[in-house]
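Residue numbers (my numbering), protein chains in the order written: chain A, 1 to 469; chain B, 1 to 469.
FYI, nobody ran anything at the bench for these hints, they're computed from the structure. Model, not experiment: these values are computed from the prediction. Warning: the hint list may mix true and false statements.
No distinction is drawn between identical chains; accordingly, a pair holds when it is met within one copy or between any pair of copies.
[As the list claims (entries may be wrong)] 20 Å max Cα-Cα, derived SDA-like pairs, lysine to any residue:
1. K208 with S255
2. K208 with H439
3. K399 with L413
4. K192 with P74
5. K69 with S128
6. K268 with D225
7. K268 with T101
8. K422 with G410
9. K69 with K192
10. K208 with Q99
11. K69 with S255
12. K208 with Q379
13. K277 with S77
14. K192 with T71
15. K192 with H72
16. K399 with T117
17. K404 with P94
18. K192 with Q85
19. K242 with A188
20. K192 with R80
21. K69 with A469
22. K192 with E202
23. K277 with L445
24. K467 with H270
25. K192 with G63
26. K69 with H249
27. K268 with C355
There are 2 protein chains.
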Amino acid sequence: MSWSKFEYQLQTWLERGLDQRLRLAVTGLSRAGKTAFISALVYQLRHLNAQQQLPLLQVAREGRLLGCKRTHQPDLSIPRFPYDQALAAFYSQPPYWPQPTNGISEICLNLRYRPQTSLKRYLGEVASLQLEIVDYPGEWLLDLPLLEQDFITWSQTSIDYLQHHPQRRALAQTWWQGVEALDVLAPADEHKIAQLAALYTENLHQSKAAGFAWIQPGRFIMPADHAGAPILEFFPLPQLDKYSAEQIHQAAPDSLFALLQQRFEYYKNHLVRPFYKEHFSRFDRQIVLIDLLQALNAGHEKVLDTQMTLTQLLQSFRYGQRDFLRRLFAPRIDRLLFAITKSDHVTRDQDPALCQLLQNLLQDPLQDLRTDAVQLQIQPLASVRATQELILELSDGQKTPALKGHNLQGEVLTFYPGEVPKSLPSPDFWQTQGFEFVHFAPPSLHQEQALAHLRMDEALEFLLGDKLA
Amino acid sequence: MSWSKFEYQLQTWLERGLDQRLRLAVTGLSRAGKTAFISALVYQLRHLNAQQQLPLLQVAREGRLLGCKRTHQPDLSIPRFPYDQALAAFYSQPPYWPQPTNGISEICLNLRYRPQTSLKRYLGEVASLQLEIVDYPGEWLLDLPLLEQDFITWSQTSIDYLQHHPQRRALAQTWWQGVEALDVLAPADEHKIAQLAALYTENLHQSKAAGFAWIQPGRFIMPADHAGAPILEFFPLPQLDKYSAEQIHQAAPDSLFALLQQRFEYYKNHLVRPFYKEHFSRFDRQIVLIDLLQALNAGHEKVLDTQMTLTQLLQSFRYGQRDFLRRLFAPRIDRLLFAITKSDHVTRDQDPALCQLLQNLLQDPLQDLRTDAVQLQIQPLASVRATQELILELSDGQKTPALKGHNLQGEVLTFYPGEVPKSLPSPDFWQTQGFEFVHFAPPSLHQEQALAHLRMDEALEFLLGDKLA
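Starting from the given sequences, assemble the full structure and let the hints guide the process.
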């Protein structure tokens with residue numbers, strides 16, 4: 001083999017070995033702003049050189065990011081992420097937040113950059129990174145723990161949750177009464193199951209609308225092809241503890257218990273497992289978006305619900321202790337970003353409090369996670385900055401930071417939005433005072449004005465920086 | 001082995017060998033009445049003994065059918081056929097035709113009967129047949145021929161079809177102009193493809209609404225999880241014949257041709273093939289419902305469209321000549337019923353004409369099919385009889401048969417609906433005269449009145465009779 005041929009072979013081999021492709025997964029708890037985040041990410045990378053808005057992204061700061069173009073997605077059966085529609089929404093008069101996506105979607109970018117590392121430079125002046133951004137509902141991630149639960153455990157977990165969340169318990173009241181009246185071991189009436197499942201599903205819809213994040217089983221509220229199929233017609237049984245383990249074990253195949261158990265297993269095998277096999281196991285990086293301000297507004301129970309939901313989500317990234325995941329799917333996510341969105345809805349001096357509140361809520365699970373292989377970052381973020389910050393002088397001469405922006409009714413507001421608590425306040429706090437963080441509309445922009453952000457570059461540096469070195 | 005043990009073994013083996021399970025597939029061209037048919041089928045079997053309405057079904061006539069109950073479906077991920085909702089529609093005041101189903105659905109019945117054959121009688125006084133009825137869109141069946149077409153062939157077939165159907169061509173005009181302006185070999189713009197695919201899909205929706213049956217690719221109008229995905233964004237290319245085979249063969253991977261070809265193949269492999277593998281290949285019997293009167297009303301082009309569509313459909317059952325199917329999926333459908341629905345919308349003396357018209361339209365493909373292993377029956381059918389037949393005496397003393405029923409506006413009509421032509425009239429006929437078969441509402445019934453039908457028992461005898469012997 002001649003030297004030049006050897007050199008060529010080496011180069012081919014090195015190119016393959018290098019990180020030329022990255023699958024970035026984006027998910028979030030209900031209404032946390034996934035669509036705004038992905039649109040802003042694509043926008044900022046595509047408008048980088050004109051606007052110099054990403055100083056904390058090293059490759060950009062050093063002027064090494066040369067271009068970003070959209071490319072064809074590899075999996076043709078996944079809906080395309082509606083980037084153009086989202087941008088149109090931001091540049092409308094008046095602007096509005098884009099329609100939330102439903103289910104999974106994808107958008108692909110090709111980033112050309114001048115490499116810094118000697119190995120990559122050896123391969124050429126210009127390198128490229130294929131970035132595949134996958135957007136999926138937080139509920140699908142929340143379904144992951146089902147894979148290691150049997151029907152009895154899941155039933156108990158769900159009932160425990162309802163018993164600790166009085167508002168959710170109240171929403172579920174009609175269903176609860178209906179299901180408690182049934183004999184778990186008697187032959188089941190399919191029609192009755194369908195009715196109760198419809199009530200349970202309705203209860204999940206209402207809970208989501210009321211701002212709760214703990215929505216499980218997640219596919220119940222996004223049925224797609226399975227609307228009206230038995231796979232989406234089961235529910236937990238509150239009365240299971242009235243029966244002995246032996247009674248349950250000997251339940252007849254046509255009993256209510258056996259039928260629900262069969263459907264629960266079917267759901268795991270036909271909906272949850274394929275998602276993890278076909279998608280989750282192929283993600284390289286994950287960002288989870290969380291709207292803490294919305295939870296604070298909604299009250300003590302919603303914050304507890306966020307806490308529990310995030311605790312559950314974190315389990316999906318604990319490969320060390322939970323090696324059943326590794327056995328099943330060999331997941332490879334090595335960086336996990338928790339972004340507290342809409343940080344422009346409070347003044348910037350509140351950023352540390354936002355982080356601290358989340359860290360306090362997740363103290364135990366974070367402790368466990370730190371011993372694992374996953375790198376974790378928690379940060380505030382405003383994908384599309386909706387407010388301006390200014391200093392107000394009060395009548396007594398004191399100065400205070402304030403925000404200026406449009407509320408959803410289009411009125412201009414200038415005010416101090418208040419402080420974020422550093423830890424979970426007691427339930428009393430909401431009875432006497434509570435929180436009222438305003439929800440802002442997107443900023444009104446001319447076509448040539450850029451979308452602004454807060455700390456998007458910090459997020460990008462964490463998620464992509466090492467791949468663009 | 002003792003004699004009784006041997007007897008037991010033999011019985012088990014025989015039971016397995018006997019036809020204890022039958023998957024009956026129901027499909028139809030647009031609005032042919034699938035929902036009414038399945039509801040009526042279940043209704044008639046479940047109310048058999050009270051009403052004695054099935055004299056042509058041998059097992060019923062001989063009093064050997066003992067009972068029929070609904071059972072759990074084996075595939076939990078398929079939506080349940082909405083039988084209860086359909087019955088509620090028929091027994092409403094005023095009654096209405098049930099909502100059409102969308103996509104696939106299933107309902108299962110267990111039929112208990114006294115066997116007649118000595119072999120089954122040896123096995124017991126009472127035998128049972130598990131009947132699984134699967135309802136799926138005619139468009140899915142129409143997609144089958146794609147499996148043996150490549151993109152170029154499909155493109156030519158689709159363009160030929162449009163050129164022979166001026167109304168369809170007119171509906172597709174905007175799309176056609178847009179696509180003809182493109183260079184097939186130039187790099188494709190994904191955004192442009194998406195726009196043209198949206199126009200093509202819109203054209204399919206309009207065609208279906210206008211009563212055309214030839215809707216292909218069928219998933220375009222029922223996107224389910226794939227709305228907005230590239231798999232549903234392709235279309236035929238009218239300008240292909242301007243290019244040489246070599247030019248096409250050498251098309252670059254990012255050219256319009258290559259991209260559309262890739263998506264076409266993806267569609268076949270990810271949507272068409274799974275349907276045939278998971279469903280079609282497991283059907284035992286098939287009924288195809290056709291509304292010929294609606295086609296006659298709509299004009300010469302719609303009748304031609306029905307003819308072409310049925311000709312294509314018939315190919316799916318020609319295992320003999322087309323053994324690619326047998327190789328791929330080993331389909332096992334051995335009886336195929338073409339039912340000309342709404343036969344109660346004409347007088348009963350027109351039944352032979354209905355059959356003859358269909359036979360004339362399908363002369364060639366039927367000729368081919370008769371040499372194959374599939375048994376075929378063509379018959380008129382009214383799943384839910386909406387009219388009464390009576391004899392009117394005209395002013396000149398002559399007598400004529402007539403129909404009495406409610407039209408969709410709720411008015412009572414009594415009239416002679418006219419004759420069905422025995423063969424396809426010439427286009428002129430529609431210009432001078434045409435057809436105006438009235439669309440009737442379901443009959444108004446009290447709760448204790450039975451749903452009536454026409455020749456449902458004949459259909460059941462063909463589809464199930466031998467399995468209940």
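Contradicted hints - numbers only
When the structure is compared with the hints, numbers 1, 7, 8, 12, 16, 23, 24, 25, 26 and 27 turn out to be violated.
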